[in-house]
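Line order of the protein sequences matches chains G and S.
Oh and the first sequence: position 42 is 42 in UniProt numbering, straight run, nothing missing.
Oh and the second sequence: position 96 is 96 in UniProt numbering, straight run, nothing missing.
Just so you know, the hints here were simulated from the structure itself, not pulled from any lab data.
Everything hinted at is true.
Which chain S residues face chain G? A few, computed with CB under 8 Å, are given here:
(1) Glu47
(2) Glu88
(3) Gly114
Derived pair list, reagent style SDA-like, types lysine to any residue, alpha-carbon separation capped at 25 Å:
(4) G:Lys65 to S:Phe63
(5) G:Lys95 to S:Thr81
(6) G:Lys70 to G:Arg22
(7) S:Lys50 to G:Arg61
(8) G:Lys65 to G:Asp19
(9) G:Lys103 to S:Val78
(10) G:Lys70 to S:Ala109
(11) G:Lys65 to S:Gln62
(12) G:Lys26 to G:Arg46
(13) S:Lys161 to S:Glu150
(14) S:Lys87 to S:Phe76
(15) G:Lys70 to S:Ile117
(16) G:Lys13 to S:Arg44
(17) G:Lys26 to S:Arg34
(18) S:Lys50 to G:Leu78
(19) G:Lys70 to S:Trp132
(20) S:Lys111 to S:Val78
(21) S:Lys112 to S:Ile102
(22) G:Lys71 to G:Met81
Note that this is a predicted model, so its numbers are computed, not measured.
Idealized CB from N, CA, C, for every residue including glycine.
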Amino acid sequence: MALGEYPAEYNPKVHGPYDPARFYGKPDTPFGQVKLGELGSWLGRRSVGGIPSAISRAWWRWQHKYVQPKKTGIAPFLQLMVGSMAFFYMLNYGKMVHHRNYKHH
Amino acid sequence: MLSRLALRSVQEARPFLVAVRPTSTTAVNKATERDEVNFPRRARPVEPGKVRMGFLPEEWFQFFYSKTGVTGPYMFGVGLTTFLCSKEIYVMEHEFYTGLSIFVMAVYAIKKLGPGIANYLDKEIEDIEGSWVKYRQESVEGLKQAIEDEKKAQWEAEGQKILFDAKRENVALQLEAAYRERLATVHSEVKKRLDYQLETANVKTRIEQKHMVNWIVNNVKASITPAQEAAALKQCFADLKGLAPQSA
Numbered sequence: 001m002a003l004g005e006y007p008a009e010y011n012p013k014v015h016g017p018y019d020p021a022r023f024y025g026k027p028d029t030p031f032g033q034v035k036l037g038e039l040g041s042w043l044g045r046r047s048v049g050g051i052p053s054a055i056s057r058a059w060w061r062w063q064h065k066y067v068q069p070k071k072t073g074i075a076p077f078l079q080l081m082v083g084s085m086a087f088f089y090m091l092n093y094g095k096m097v098h099h100r101n102y103k104h105h
Numbered sequence: 001m002l003s004r005l006a007l008r009s010v011q012e013a014r015p016f017l018v019a020v021r022p023t024s025t026t027a028v029n030k031a032t033e034r035d036e037v038n039f040p041r042r043a044r045p046v047e048p049g050k051v052r053m054g055f056l057p058e059e060w061f062q063f064f065y066s067k068t069g070v071t072g073p074y075m076f077g078v079g080l081t082t083f084l085c086s087k088e089i090y091v092m093e094h095e096f097y098t099g100l101s102i103f104v105m106a107v108y109a110i111k112k113l114g115p116g117i118a119n120y121l122d123k124e125i126e127d128i129e130g131s132w133v134k135y136r137q138e139s140v141e142g143l144k145q146a147i148e149d150e151k152k153a154q155w156e157a158e159g160q161k162i163l164f165d166a167k168r169e170n171v172a173l174q175l176e177a178a179y180r181e182r183l184a185t186v187h188s189e190v191k192k193r194l195d196y197q198l199e200t201a202n203v204k205t206r207i208e209q210k211h212m213v214n215w216i217v218n219n220v221k222a223s224i225t226p227a228q229e230a231a232a233l234k235q236c237f238a239d240l241k242g243l244a245p246q247s248a
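Work the whole structure out from these sequences, hints included.
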């Protein structure tokens, strides 16, 4: 799938206007309902190339829920702040380890 | 965000369009193939998702509720932070205390200024959206008014037709009047000419008669010889004498 094109399964006649938060492929069992035994086959059905689109859909779902409503509050801003704080802490963890106050925990 | 609003207003208008133009050929408006069950139409929500403590989504708390009750997620958070801090996975270095101070100030600012700013921004959104809605409604009203005015102008034009009939009748009357006037003129002119002819004929007859009478009298007078005149006078004297004694 090329960058910036609609997904191959998207059909405007059936699906209506394009919604970036929706998955237009064949529906599969949600991850919360997958049994432990089927986990391997479930993961096999997923493809690696679909990861960027999954991230994009997750981002759009978050946006639809917190940023796009007419009367949003400070919540999405705080969530982005906390998220970026955690992310950058993880990136800089190597440096942070050296600033520990105690030697034995 | 404005593009989403535009998309949403188009989405809202679309069902109306489907009802008005069922034979539209736009692919997206065909109601027959549209899968409304699995892919329902999206509408822009008014309120965002619920969060606790400013950023934690409500769904996480609901997820814990069935297993651990109300305090479950809080205990989980406390336990997690204790673990991170005690094992010094989360190092409390000098930046941390800076962040803590900023955090306290931010919480105070949000609690104090949040509702005021929220109300102000909501009012601004209402004004902007209201102006769009008002513009659309006012243009619809203006067009309806234009339709009414157009109908009135058509009705007035029909009134013009009656006016034309009246004017036509007026013109016909004027023509009739002119015709009659000219007829009277003709009549009088013809009568004048005929009178003239009559007068000339009368004059001629009278003159002829007078001339003839004069001529006859003169001729008769001329033809009376003196002998006849004396005889006539004698006769007259005799008649007078004869009459005179009878009267006395």
